[in-house]
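Q: One letter stands for each residue in the lines below.
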Amino acid sequence: MSFHMKNAYARRGIKAAAIPLFALLASVAHADWGGLNMPEGVSILSKSIYGLHMKIFYYCVAIGVVVFGAMIYSLIKFRKSQGAQSDTTLVHSTKVEIIWTVIPILILVAMAIPTARGLIAIEDMDGATLDIKVTGYQWKWEYEYLGHGVSFFSTLARESNAARQLGSGIDPATVPNYLLDVDNPLVIPAGTKIRFLLTAQDVIHAWWVPAFGMKKDAIPGYVSPIWVQVDADKVGTYRGQCAELCGQDHGFMPIVVEVKSPADYDAWLRAKQAEQKVAGESSPTAVAAVASAVNQ
Amino acid sequence: MHMAHEHTASGSHSGAHDDHAHSDDHGDHGPAKGWRRWVYATNHKDIGTMYLIFACVMFFVGGFMAMIIRAELFQPGLQLVEPQFFNSMTTMHALLMIFGAVMPAWTGLANWMIPMQVGAPDMALPRLNNFSFWILPFAFTLLLSTLFVPGGAPAGGWTLYPPLSLQAGDGLPMAIFAIHLMGASSILGSINVVVTIMNMRAPGVGLLNMPLFCWSWLITAYLLIATMPVLAGAVTMLLTDHFFGTSFFSASGGGDPVMFQHIFWFFGHPEVYILILPAFGIISEIVPTFSRKPLFGYDAMVYATAAIAFLSFIVWAHHMFTVNMPLAGQLFFTLSTMLISIPTGVKVFNWTATMWKGSISFEPPMLFALAFLFLFTIGGFSGLMLAIVPADFQYHDTYFVVAHFHYVLVPGAVFAIMAGVYYWLPKWCGKMYDMKLANWHFWLSAIFVNVLFFPQHFLGLAGMPRRIPDYSVQFADWNMVSSVGAFGFGLSQLLLPYIIWKCIKSGSPSTNHVWEGSHGLEWELSSPPPYHSWTEPPSREIIARGVQH
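Protein sequence lines correspond, in order, to chains F and A. Start counting the first sequence at 4; every next residue gets the next number (my numbering). Start counting the second sequence at 8; every next residue gets the next number (my numbering).
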């Protein structure tokens with residue numbers, strides 16, 4: 004289950020507050036099993052990361068079956084209550100010990116190779132055609148389309164902000180995309196390799212959209228790059244959150260990304276450029292600087 | 008007092024025992040009366056008891072904070088606490104559980120057991136022992152009092168990452184000084200363990216046949232001595248950045264916030280093994296006892312422990328894969344981290360092989376040890392997954408990480424402590440506890456700990472970040488399950504002090520060996536053991552019966 008899916012699952016969670024644990028467990032048992040696992044995501048990297056995650060998971064399951072199997076077999080077979088006598092001579096076996104050292108090494112090599120491959124792909128920023136600078140603030144994000152004269156802040160949507168106050172009396176289930184909605188979403192084109200340059204103004208934040216697969220810290224004094232290429236057919240809205248503890252409102256600075264077709268994106272960009280020219284008179288960086296000064 | 012060892016540390020502590028030197032009664036005088044027994048304590052058992060009681064108190068205080076956290080997370084929306092206080096709770100819960108509960112519990116067990124296991128009368132440095140314990144109540148009073156000062160308790164996470172950790176009120180310098188005190192206490196306690204094991208072993212107790220609990224503690228002590236000063240340095244730099252105008256970690260002053268993370272985790276990763284290596288030692292004592300079979304692969308167990316300790320110094324940056332390290336750095340830390348699973352695997356395989364062809368019974372210590380085997384291994388699997396950098400970019404800072412480290416610390420370290428307490432309690436007080444109640448304690452703990460932490464894997468994978476006081480409604484179901492598990496687990500723990508109290512008050516007398524399969528020098532002493540454990544070194548016959556192999 005990914006962030007952009009609105010769900011009956013969620014509404015059910017609230018109602019479950021009133022019902023006993025058994026009913027709750029039953030509702031979970033019938034819930035969308037996709038909610039138990041990492042989303043496969045919509046970007047090139049998210050799908051390769053998902054594949055790696057599943058591969059390592061199955062390795063762990065296989066090892067677990069063998070190890071837990073041996074433990075459970077011992078616990079059943081060698082019970083004193085069933086008259087088991089201990090073989091006190093069985094305290095050492097060089098052969099067995101070599102086997103259970105070498106086999107894990109081979110498994111690790113089998114894990115390390117796709118890991119290194121995946122990592123090299125993640126670090127390969129070549130061919131990005133759009134650079135977006137992402138700056139974390141307490142507690143909002145600023146997006147700057149480098150070279151396109153567009154920049155804006157993105158903060159928690161008003162409905163969520165009202166509902167999340169202590170004792171607000173507003174049922175979160177009635178708020179659309181509770182805590183995962185913003186005033187100005189980031190807009191990007193599908194099918195395009197985009198480089199995000201992450202930094203922060205005050206403390207460390209982390210920019211994370213699970214459907215894109217990548218998370219990286221936004222650190223004051225650093226510019227950290229990640230790249231994202233959303234599949235051309237995966238137009239839609241994707242949601243994420245700040246992932247590095249950044250103070251009292253760390254839980255309340257979500258990320259919303261609208262992925263549009265390249266044509267729609269171009270139209271949006273032109274409209275945004277025109278809007279900012281009218282509003283700004285001065286350059287977008289100056290607007291951003293003023294905005295940040297005002298906010299501090 | 009007889010000091011017939013060929014190599015004792017008598018020079019350093021003979022003063023403490025001068026007044027008994029003439030005595031011919033094997034030094035087995037009783038403890039002092041009243042409060043002096045505890046405040047002036049130099050006896051390893053008294054100090055061990057104080058450490059364990061202190062750890063138990065901190066376990067409940069830290070546990071109460073966990074209950075506040077899980078109560079707030081019971082459903083979406085903020086119902087109970089403000090976000091800033093929530094952050095203080097997560098921060099203080101971690102500091103209390105790590106430095107106040109688990110580490111003092113290990114030191115308490117070390118104090119009680121190491122002299123008895125190596126055939127010594129006491130720890131090598133009894134007055135240092137007193138000092139290292141009595142620092143702790145002051146350190147934690149200081150830390151807890153930050154809850155009541157302007158600006159509140161530290162709320163930047165127990166990892167204290169700047170710049171966030173520096174956005175604090177009066178609590179910051181108090182917490183830093185408390186950490187300095189805890190570090191000093193740990194270093195002193197560790198020096199005592201090293202000196203005791205190196206110098207106080209009875210003739211015939213060799214390094215390679217002493218119990219694995221002593222081995223794992225010896226290695227742990229070196230880790231503590233090596234890393235606690237690093238933590239002290241890191242927090243001192245925070246202090247000077249905050250008050251004296253330095254810019255170690257401030258980008259605007261030419262410093263580097265990421266450098267703190269490197270320094271912190273250079274301490275922090277060995278710290279992880281400081282919390283778990285003594286657990287490996289205890290499990291290596293309990294599994295053979297209740298399998299009625301010697302430990303499989305003793306030497307391999309020692310070498311594996313040492314290998315884990317060595318590797319723990321070269322994997323620190325796997326806690327910070329997302330800070331934008333160079334590719335080569337990420338590859339190095341992912342590969343070195345994966346390597347840890349080899350010695351850890353050797354340990355799990357050796358424990359399994361110890362049970363193989365054994366004669367297994369299921370008393371409470373064994374039940375906790377078995378839960379450790381299964382659940383720590385699950386924590387190991389999620390740890391292996393977290394070592395895979397590309398996947399870690401998804402897992403990092405989510406509830407998947409929370410689930411991982413709670414699996415290795417709660418059914419890992421904490422269950423091993425409980426296993427140790429249930430294993431040795433009849434020896435300590437000479438009385439047997441209520442087995443039925445202890446079984447209840449085990450089953451409730453084992454079930455609820457999974458209800459509590461297993462769903463957190465799902466939450467993390469589905470995208471819930473850690474350290475948030477409120478969450479999107481899609482995470483509601485599993486958070487509720489997790490909170491129900493937390494309340495059940497928390498309440499179940501109240502059984503532990505009750506069982507111990509009941510045992511001390513009205514337990515039936517236990518034998519010297521207590522368990523059918525018990526094996527080791529501590530079981531050759533009476534139950535309860537004499538006040539100065541081995542006033543004479545154990546004889547060759549006793550050692551031959553008691554040593555590992």
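These are calculated hints, taken from the structure and not from any lab test. The beta carbon of each residue, even a glycine, is placed where N, CA and C say it ideally should be. Among the hints, a few may not be true.
What the hints assert, rightly or not - Each pair of labels, with its calculated beta carbon distance range:
no.: 1; chain 1: F; residue 1: Glu278; chain 2: A; residue 2: Phe71; range: 18 to 28 Å
no.: 2; chain 1: F; residue 1: Gly194; chain 2: A; residue 2: Leu334; range: 49 to 59 Å
no.: 3; chain 1: F; residue 1: Ser84; chain 2: A; residue 2: Arg44; range: 22 to 32 Å
no.: 4; chain 1: F; residue 1: Ile106; chain 2: A; residue 2: Ala551; range: 35 to 45 Å
no.: 5; chain 1: A; residue 1: Glu89; chain 2: F; residue 2: Glu43; range: 31 to 41 Å
no.: 6; chain 1: F; residue 1: Glu162; chain 2: A; residue 2: Glu89; range: 13 to 23 Å
no.: 7; chain 1: A; residue 1: Thr253; chain 2: F; residue 2: Gly130; range: 38 to 48 Å
no.: 8; chain 1: F; residue 1: Gly239; chain 2: A; residue 2: Phe250; range: 27 to 37 Å
To be verified - Here are the simulated EDC-like cross-link-like pairs (lysine to aspartate or glutamate), alpha carbons at most 20 Å apart as the crow flies:
no.: 9; chain 1: A; residue 1: Lys364; chain 2: F; residue 2: Asp90
no.: 10; chain 1: F; residue 1: Lys263; chain 2: F; residue 2: Asp90
no.: 11; chain 1: F; residue 1: Lys263; chain 2: F; residue 2: Glu162
no.: 12; chain 1: F; residue 1: Lys83; chain 2: A; residue 2: Glu523
no.: 13; chain 1: A; residue 1: Lys364; chain 2: F; residue 2: Glu100
no.: 14; chain 1: F; residue 1: Lys237; chain 2: F; residue 2: Glu278
no.: 15; chain 1: F; residue 1: Lys98; chain 2: A; residue 2: Asp306
Q: For which of the previously enumerated hints does the structure constitute a violation, in increasing order of number?
A: Hint check: 1, 2, 3, 8, 10, 11, 14 fail, others pass.
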